[in-house]
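Q: All chains, please: the whole structure from these sequences, using the hints.
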Amino acid sequence: MSLAGLASFAQVAGIAGVAGGLAQAGTAGAEEAVPSPRERIRRLYFPNVVLHTQDGKQVRFYDDLVKDKAVTINFFFAKCEEICPLVTANLAKVQRLLGDRVGRDLFMNSISLKPEEDTPAKLKAYAEKHGARPGWTFLTGAPADVELLRRSLGFTNPSAKVDKDLNQHIGNVRYGNEPLMLWAACPGQARAEWIVESVSWVMQPEAKPAMAPG
Amino acid sequence: MYYNALGEKVSRRRYREMLAAAKNRRELIAAGLHNRRDLFKMGLLTGTGMLVAKNGLSSRAWAQPFQQGAQNICAGAGLPASPPTRSFIVPLPIMPVAQTVSSLTPAPTIAPNTGAGEVRAAPHQAPGLGFPFPPPKLYRFTQQAIQVSQSPDLPLQTIWGFNDGHHATSPGPTYVAQYGVPQLTRNINALPPLSQNGGFGMPSVTTHLHNAHNPSESDGNPCDFYGIGNFCDQYYPNVLAGFNSDHQPNGDINEALSTLWYHDHRVDFTSQNTYKGLVGYYLLFNQFDTGNEETGFRLPSFPQFDVPLVFADKVYDPISKHLAFDLFSLDGIMGDKFLVNGQIQPFFQVEPRRYRFRLLDTGPSRFYEFFLTDLNNLGATNPFYVIGNDGNLLPAPVQVQSVRIGVAERVDVVIDFSAFAGKTIYLENRLNQLNGMGPVNAGQCTDSNGNPVPTMLAAGQGNLLLQFRVSGTHVQDNSGNPATQTFYQLPSTDAEPRITRTFKFDRLNGQWSVNGQFMDCHTFRFQVQQNSVENWILTNATGDWTHPIHIHLEEHQILSRNRQPPPLAIERSRKDVTQLHPQERVLLFFRFRDWLGKYPIHCHNVVHEDHAMMGLWHVQAEGDDVLVP
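Protein sequence lines correspond, in order, to chains P and U.
Following my numbering, the numbering of the first sequence begins with 1 at its first residue and continues without gaps.
Following my numbering, the numbering of the second sequence begins with 1001 at its first residue and continues without gaps.
Everything labelled a hint here was simulated from the structure, so no lab data went into it.
Glycine included, each C-beta is placed from N, C-alpha and C at the ideal position.
Take the hints with a grain of salt, since some may be wrong.
Not everything, but these chain U residues come out facing chain P in the computed CB check (under 8 Å) [claimed, not checked]:
hint: 1; residue: Asn1197
hint: 2; residue: Leu1330
hint: 3; residue: Gln1511
hint: 4; residue: His1522
hint: 5; residue: Ile1537
hint: 6; residue: Asp1610
hint: 7; residue: His1611
A: Right, dumping it as structure tokens:
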């Protein structure tokens, strides 16, 4: 089977960009070295896009927000009237329960789904309104970058129609530990105490001094 | 800046995907795959001739089903496809039979031996009900990292398995248990430290014995997890339901279980840990299902003609060629490589006679519909018998042309190969599933040419899972003829329920829920009265999604689907997982007997389960009256 034949199979599957891949492949250069599992995860899931915090600071998603950290990540937008106020209030409670561990052992991140509308100033007002304290970062950025992040982190609906409806956006909260490659998620509306317990599994690894039962 | 062939700006990430896709395609060609049949056999063609290689079958993200005009386009999507592997060149691995130990040090204790590192939720209930302690059979299972070959075309894989002291395997050693012979397993967590999980997996475990009529503290509850260096002694009484209630002292023979399995159930991490290998079989025999084809029900003899099969679909990274897990899926994970007993597309040499196969779908999210396919006679229908559903023998075998199961379901089948002497045939999955939503629903979507994507693929167009090479030489077969066999009667469902509870399985902004609530290890939704009858109504409020719903402790019978008797003969059976189809309302009958303690109800698409589509309940002396828990 020819290259062209294979490409046409792929097109049947409704997948764009294959021909582009082939066209570019000639200039792609040498084969890649095998990445470590951690590096593989970074490449697949953590695009290092530029974002802006509620304080107007410019940050890189991977380098500044995720790398070497235990984190929570969720998506919201300031004018969302249905699920976001519930999740944000819940996360505020999570932050209160964790006390000063947030900002030291855990970093919370909330990314706007309406980045063109949610300016840093608006995010700051939103954060203050909800009692967010240091260690909880509200983020905005170029719409294409935010969309890439949303998709990379799996905050998507498999139904195209639902995926376009911002009122039905994914309300889950990812929690994870980047260097330990531990990732999971819980509902943003889960009981705050339960979210704290869940997050603690990746903040405080369970490894204990090994015992040797017989 | 990165561009595709159309001159459109694409992200660096998208560009990398395109490179990976091109590399895959070069590998396909390098591997000498020249025609469609080769591609089928490699598992690289799917659906209506779609090439899987581009993006794999993972449900994830950036090529979700999309809308074009009025059409919903179906597309598999997500992670890069697995590297090519040859099929049917490695024999089917058979899991070793689990070996007992003569003693355990320290000796098992009725109360949890916390000083020695045991983590158990409560003292053993069984000794107080007259069961021997310690029981006559003891096992010492160590959960540890192991290196295995899953295909000769892939490097050795570091996964997690079970070590009984003789074999460290995944799937783990097969327990061969007998009714009336209680046993205890010391499950030891010796998994590698967190920093060595290889990209996924939580080294914190709780091992559930799926389908067993077991006391709560030995059930392997999702909340009873423990870390590295700890262990849990799990007491398996191997006793018939009813022994301490309506059928004292030995229980109801019509509640006999046959095909159980064990798997990790760690809350929030079950999908990763089972995908990484923490699964195995537990077979339970008695005076009727004897494992000997010359006695009892005369089912094909174990182990030569009674073969447990573990099905799993997985993805391998195209660059490292190591097992990969989609960490950020909420919907479900679809593999593009099909493993049977831990090997990608093996072959199995069989004699031209009857075999019993136990088929288990370990997920993470795929439904299968199994057919027997002769690639040289695609028009033929090749019937076989279903003898058990979810490990429980039916009242009588049911002849079928195919059988569908979801994650965690089992079917026991009898296949007679005598008609195929000298031929090669295949066990084929023809059910079309593109993402975690479940099998493609009729009319749900089209391909990019506007053709409807079918639910069921044509013979030879599905996933060839296992190749049977049937010898031409006649051999002895003393097993019974399924056409004339009968097994156990179904227990009566006439009893009036003490209460009828309703469970709505829902999805609220992507948050999987049961009655609008989420899994929480400290919240018990309701209290079942010990030794009482309940009816449960399961309803599906999630649109097009299908969910395999599992309930611990007791089996159920399906009284109705959308107020009609279950349409399939094999569903007139005892179940522990019920498929809840789109828009469905299913009515279940339960008797909750004998044991006390906490148990869950949950979706067994393990990705949904890990994202809180689960709830805990108790069995206590007194029940409550919560109708919508």
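Q: Now tell me if each hint is right for this structure.
A: Hints, one by one, checked against the model:
1. Asn1197: This interface hint holds because 6 Å falls under the 8 Å limit.
2. Leu1330: Hint holds; leucine 1330 of chain U Cβ to chain P Cβ min 6 Å, cut 8 Å.
3. Gln1511: Since chain P brings a Cβ to about 4 Å from glutamine 1511 of chain U, closer than 8 Å, the hint holds.
4. His1522: With Cβ-Cβ at 7 Å, under 8 Å, it holds.
5. Ile1537: Violated. Min distance 23 Å.
6. Asp1610: Because about 7 Å separates aspartate 1610 of chain U from the closest Cβ in chain P, which is inside the 8 Å limit, the hint holds.
7. His1611: holds, 6 Å
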